[in-house]
Amino acid sequence: MMDCGGGRVKRKTHWKFTLILGIVGFVLALQYNSMNTASPRDTRDLWAIRKELSSEKKIHSELLEEIREIDQTLVAYNASPEANAASVLQDTLDKLYKQAGFMPTTGPGFVIEVAPSPESIAFGYEIKPVSSELLAWFINVVNQQQGNELEIDGKRFTTLSWIRDINGNLTVSGEVVSTPPFNIKVVSPSKEASEKLYNQLLTTAIQDEFYLDDFVLTISEPEERITLQGWTGGFENRFLKEQTKE
Amino acid sequence: MWLPLLGLLLGVSLGLLSDIQIPQVYDNYLTIAILAAFDTLFGGIRAYLQQVYDDRIFVSGFFFNILLAAALAFIGVHLGVDLYLAAVFAFGVRLFQNIAVMRRILLAKWTSRNKNSDTNA
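If you're matching them up, the sequences are chains A and B in order.
First residue of the first sequence: 1, per my numbering; consecutive thereafter.
First residue of the second sequence: 247, per my numbering; consecutive thereafter.
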C-alpha cells in the first residue's frame with residue numbers, strides 16, 4: 001500500500017519534471033532561434049551589383065595606378081647612382097608638395113567671378129561677405145569630381161584648408177577673403193574634366209543659392225592654362241612621424 | 247529518469263520547429279528567464295538527491311523565479327540601471343553551488359557503492 005502511494009508520488013514528480021524540462025527546452029530553443037537569425041537576404045538586382053562592381057573596379061585601377069607610380073619612384077631610386085639619389089628624392093618631395101597644394105599649379109580650368117547681384121547694387125543693399133556655409137557648399141560641389149584644385153581670392157585651398165566665419169569675415173585657413181567681387185579659380189586634371197565640371201556648375205542649383213544671398217556667379221569658359229598659386233602658410237604635422245633608419 | 251529527458255527533447259524540438267523568434271528588445275528577459283529556469287531545475291534535482299524535494303516548492307519556485315527575474319529586468323530597463331545583472335549574478339552563483347552539492351552527493355553515493363561491493367566481494 002505504502003509502496004503504491006510512493007510510486008504514484010514519484011510518477012507525479014517525474015511528470016512535473018518532464019513539464020518543467022519541456023518548458024526549459026522550449027525557451028532554450030527560442031533563444032537559439034533568436035540568436036541564429038538567418039542573414040538578411042541579398043535583394044540587390046543585377047544593376048545594383050554591376051554598379052558596386054564598377055565602383056570596386058575603379059578603386060582597383062586607382063590602387064594599381066598608385067602602385068605603378070610608387071614602383072617607378074622605387075626604380076628611379078635604385079637605378080640612380082648615389083649622387084643622383086638626392087635629385088630623385090627632391091623630385092618626390094616636389095611631387096608631394098604639389099599634391100599638398102604647396103606648389104603653384106597650371107592646368108586646364110576656369111575662373112568664376114563672385115560679384116554682388118545687379119539688383120542688390122541698384123537697391124543699394126549693403127554688400128556682405130559670402131557666408132562660410134555657402135562657400136563650403138560650393139567647394140563640396142567642386143569636390144564631387146576628384147582631382148580638382150581650387151584657389152579662392154588668391155588663397156590656395158588645400159586638403160588641410162578650412163573655411164570659417166571670423167568676426168563676420170569669411171576666412172580660408174585664417175586669411176580673410178575680400179567682400180565680393182573676387183575670383184575663384186578651379187584647375188582640373190584634364191580638359192574634359194574641366195568641361196564636365198563647368199557644365200555641372202551651370203546645371204546645379206549653386207548659382208541660385210548664391211543669388212539668394214545677393215551674389216552672382218559668372219563662370220567663364222574653360223581655358224587650357226590656368227595657374228593657381230601655392231599655399232604659402234605652413235602646416236601642422238600632428239600625426240606623421242619621421243621613420244628612423246634601421 | 248527517461249521521462250524528463252523526453253520532455254526536454256520534446257520542448258527543444260517544439261521550439262526549433264515553431265520557428266518563433268523573440269525580438270532583440272526582449273533578449274534580456276529571455277536570457278534571464280532561462281537562467282532562472284536552470285537555477286530552479288538544478289535546485290530541484292539537488293533537493294531530490296538530498297531527499298528534501300517538495301513538488302509545490304519546485305513548481306512555484308520555477309514560475310516565481312522566472313517572473314521575478316523578468317520583473318527585475320523590466321524595472322532595470324525603465325530605471326536605466328542594469329538590474330538584470332543582479333539576477334544574473336544571483337542565479338549564476340546559485341547554479342554553481344547547486345551543481346557543486348549535486349556533484350558531492352553523487353560522488354559520496356558512488357564511493358559508498360564501491361565500498362559496499364568491495365566488502366561483499
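It should be emphasised that the hints constitute simulated quantities derived from the structure, not laboratory data.
Virtual Cβ for every residue (Gly too), placed ideally from N, Cα, C.
Careful, some of the hints might be misleading.
Said to hold, decoys possible - Calculated lysine-lysine pairs in the DSBU-like style (CA-CA distance at most 30 Å, straight line): (1) A/10 with B/361; (2) A/16 with B/361; (3) A/196 with A/57; (4) A/10 with B/355; (5) A/12 with B/361.
What the hints assert, rightly or not - Which chain A residues stay away from chain B? Per the calculated CB distances, all over 12 Å, these: (6) 103; (7) 153; (8) 174.
Practice item. Mind listing which of the numbered hints don't hold for this structure, in increasing order? Key: Violated hints (numbers, rising): 2, 5; every other hint is consistent with the structure.
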